[in-house]
Amino acid sequence: MISQENNNLQRYVENIQPLFIGLNDNAIYACHHVAEKSTETQQVMVICPPLGHEYERCHRALKQFASMLTKVGIDVLRFDYRGTGDSAGEYHQHSFASWQQDIHQAIDFIKQRTGVNQVSIMGLRLGATLAQKVAMQRDDVDGICMWEPCLDGKELLDEWTQDQKAHEKALGYTATKEHLSEVLGFSISPELMKDVQELSTSPQQLIAVPCDKKCVAVEDLQYWQQLLGDEVTYISSQGIEIWRQEAMQARVPISLLSSIQSWLIGSER
Amino acid sequence: MNEQTLSMGPTNSCVGIFTPAKQRRQNNAGSKVAVLLLNSGLIHHAGPGRVYTRLARALSDHGLSAVRFDLSGIGDSAARQDNLSIYQIATQEPIEVMDYLQKRGYHQFILAGICSGAYCSFKTAIKDQRVIATALINYQDDTSNNELASQAWSKRYWTDSLFRLGAWKNLLTGKVDYQRLFSTLGLAAKKSTSERTVESMEPSHSPLQNASFTDEMDVLLERNCNVLLLVSGLDISQQFLNVLLGEKLKTYQKNPLIDFKVVDGADHLFTNVAHQNQFMAYFCEWAAEVAETQK
Numbered sequence: 001m002i003s004q005e006n007n008n009l010q011r012y013v014e015n016i017q018p019l020f021i022g023l024n025d026n027a028i029y030a031c032h033h034v035a036e037k038s039t040e041t042q043q044v045m046v047i048c049p050p051l052g053h054e055y056e057r058c059h060r061a062l063k064q065f066a067s068m069l070t071k072v073g074i075d076v077l078r079f080d081y082r083g084t085g086d087s088a089g090e091y092h093q094h095s096f097a098s099w100q101q102d103i104h105q106a107i108d109f110i111k112q113r114t115g116v117n118q119v120s121i122m123g124l125r126l127g128a129t130l131a132q133k134v135a136m137q138r139d140d141v142d143g144i145c146m147w148e149p150c151l152d153g154k155e156l157l158d159e160w161t162q163d164q165k166a167h168e169k170a171l172g173y174t175a176t177k178e179h180l181s182e183v184l185g186f187s188i189s190p191e192l193m194k195d196v197q198e199l200s201t202s203p204q205q206l207i208a209v210p211c212d213k214k215c216v217a218v219e220d221l222q223y224w225q226q227l228l229g230d231e232v233t234y235i236s237s238q239g240i241e242i243w244r245q246e247a248m249q250a251r252v253p254i255s256l257l258s259s260i261q262s263w264l265i266g267s268e269r
Numbered sequence: 001m002n003e004q005t006l007s008m009g010p011t012n013s014c015v016g017i018f019t020p021a022k023q024r025r026q027n028n029a030g031s032k033v034a035v036l037l038l039n040s041g042l043i044h045h046a047g048p049g050r051v052y053t054r055l056a057r058a059l060s061d062h063g064l065s066a067v068r069f070d071l072s073g074i075g076d077s078a079a080r081q082d083n084l085s086i087y088q089i090a091t092q093e094p095i096e097v098m099d100y101l102q103k104r105g106y107h108q109f110i111l112a113g114i115c116s117g118a119y120c121s122f123k124t125a126i127k128d129q130r131v132i133a134t135a136l137i138n139y140q141d142d143t144s145n146n147e148l149a150s151q152a153w154s155k156r157y158w159t160d161s162l163f164r165l166g167a168w169k170n171l172l173t174g175k176v177d178y179q180r181l182f183s184t185l186g187l188a189a190k191k192s193t194s195e196r197t198v199e200s201m202e203p204s205h206s207p208l209q210n211a212s213f214t215d216e217m218d219v220l221l222e223r224n225c226n227v228l229l230l231v232s233g234l235d236i237s238q239q240f241l242n243v244l245l246g247e248k249l250k251t252y253q254k255n256p257l258i259d260f261k262v263v264d265g266a267d268h269l270f271t272n273v274a275h276q277n278q279f280m281a282y283f284c285e286w287a288a289e290v291a292e293t294q295k
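Taken in order, these protein sequences are the chains called A and B. Numbering of the first sequence is given in the UniProt record's numbering, commencing with residue 1 and proceeding in unit increments. Numbering of the second sequence is given in the UniProt record's numbering, commencing with residue 1 and proceeding in unit increments.
Excised from the complex, chain A in its bound form:
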């Protein structure tokens, strides 16, 4: 009797398969969201999350996004970069190079697991910047969505410094003067600092990715449209800065996520 009840429940519960890719110090934690219904051509998306405190704040939205995609027949892989979430290692042991390797590994893994030849990728903030770098090196990425990519490292460092200083002020002390050693609970290694300082990409460089479908979700739509014309699909992310809100306060931006979903399945409004 109980098992019959469980079977009934099972039919309605989302199929999320947690797993580790790789072993020991290189183990990457991931969740494979299995598509609910099959479509003629199987589609797969890999989600590249933001880093540090921003990931914690965006986790819920990205998981909900994965769930939305499974409902329209798309398999999704979410993963944690090494040194983040449940993956091996400490945050300060890693930087852009190892996180790009992780994206490569995640793509290779899901292709092998599902048997598809092409994947789409979606990145948020630094995740978008890293996803673009990876897409430039591969020929099996057929679609890329970059949600508020970080283009200017110095600007990003200023933002981190302000956030950390505001936090320290709220706690009643000042530790960060010039050199940033941590940002809201995540230690910054000299290597990561160097990577961020050297980050400088233009929107034109960003969309030079060799894939057919490109999409950017950005706040300043007009600026991007003027620069890039009709080469990409634009989605407005105005007023949606979920990475700036505490996890408890962050709302899931359903409308924006629905727009990305529509772009992905080719039914943009």
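Relax, there's no trap hidden among the hints.
Covered, in the sense of this in silico footprint (three residues per stretch, anywhere, with C-beta under 8 Å from a C-beta of chain A), are these stretches of chain B: (1) 36-49; (2) 73-79.
Computed cross-link-like contacts, DSBU-like style, restricted to lysine-lysine with a CA-CA straight-line distance of at most 30 Å: (3) A/Lys154 to A/Lys214; (4) A/Lys165 to B/Lys261; (5) A/Lys169 to B/Lys261; (6) B/Lys127 to B/Lys248; (7) A/Lys165 to A/Lys194; (8) A/Lys111 to A/Lys213.
Label pairs and their in silico Cβ distance ranges: (9) A/Asp108 to B/Ala281: 38 to 44 Å; (10) A/Glu241 to B/Gly265: 26 to 32 Å; (11) A/Glu198 to B/Leu84: 49 to 55 Å; (12) B/Asn255 to A/Glu198: 53 to 59 Å.
Everything labelled a hint here was simulated from the structure, so no lab data went into it. Computed from a predicted model, the values in this text were never measured in an experiment. Every residue, glycine too, gets a C-beta built ideally from N, C-alpha and C.
Fit chain B to the supplied structure of chain A, relying on the hints for placement.
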């Protein structure tokens, strides 16, 4: 790293990570003990600032196995399709996880969580005899209890103002709204003379009918369950505990089953790396001591 992913519960939808103990403790003490780390609010099982992941691995180094997992609808776990309330889930799912681990040879459990995770740990510990210890980290009880919250905040306000130089300067230089201050003082005096009870407007979610926090604490102590009350120095939970424990605070301070710890200067979610490390050190030491006493 030798961690394993878990899919638990009746529909396998409860996602968790199992971190086995790296080494056996002396005389195999604590080999049947597992530590469960419960969600802090809506933050997924890696914990705020990834502190649960790091804590599970630190516990493994101390010879203790740990599981961090997500309640239904939080983090990587799918939402439930039945009609259980969040209060029912808060105790039922940790029990389901313990059932799962019991089949793997773990019979005794230490439950811990920050904020709402502390609430779930406490309520589950009362319900389930397999829980040998619980760590309440920045515990705030039921947040719908407005009376309790206002008492805690009032305590915090007075403590802060009394010891803050700026507040005294403002008072002496006329930079305060005297009318408002005196009316607040009058209100406080009136309140102190009336009956001081903490009553929730919400129905009781306690596994014990109409039990207070100290009644529930006594249930745990009677069965020799260890309790760690760990608070952040800058968090309101210190005042919450003062209000909740009331006159029993002094008795509890003498009870060897209860440990009190403060992480000085820390905020509610241990945002700074130094505070995270301090919190983990306190917790590992306490959990290892608890495990040491188990055969």
